[in-house]
Amino acid sequence: MTVETPYYYKQELVRIDTLNNAEDDVSTELLALYEEIFGDIETLMTRIDGNNDEIERHNKYIKANKDIYISLKDKIQGARGMQNDIQYRYNQAYYTNILIMVSIIGGFIFYSGTRKL
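Position one of the sequence shown corresponds to residue 1 (my numbering), numbered consecutively onward.
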């Protein structure tokens, strides 16, 4: 059991003042940390917004290049299709000419065989 004397009360008041000062110091430190953290958060948000803008610009660039690539790919496929069509028509004309020549030669041979030339 403690003896409550005026000296005891004086010591308690000093201890309470010390605790209040310590609490004020801690509060000041917490407030400084709070301001520093929120300052860092603001800095990060600004940088994130800047990065988002850069990402959007990059995505637009990629989309434009993708559109150009698709356009060129379609043109190449169209050119291949036209080349195949031209080759088909060339072959058709070539074999038609061969058939005509074979028919003429066959007709000549048949005619010369019947006429004994």
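One or more hints might be untrue.
Straight-line Cα separation of at most 30 Å, DSS-like style, residue types lysine-lysine; simulated pairs [claimed, not checked]:
#1 K60 - K75
#2 K60 - K73
#3 K73 - K63
#4 K75 - K63
Don't read these hints as lab results, they were simulated from the structure.
These are the hints, each one checked on the structure:
no.	hint	in the structure
1	K60 - K75	holds (23 Å)
2	K60 - K73	holds (20 Å)
3	K73 - K63	holds (15 Å)
4	K75 - K63	holds (18 Å)
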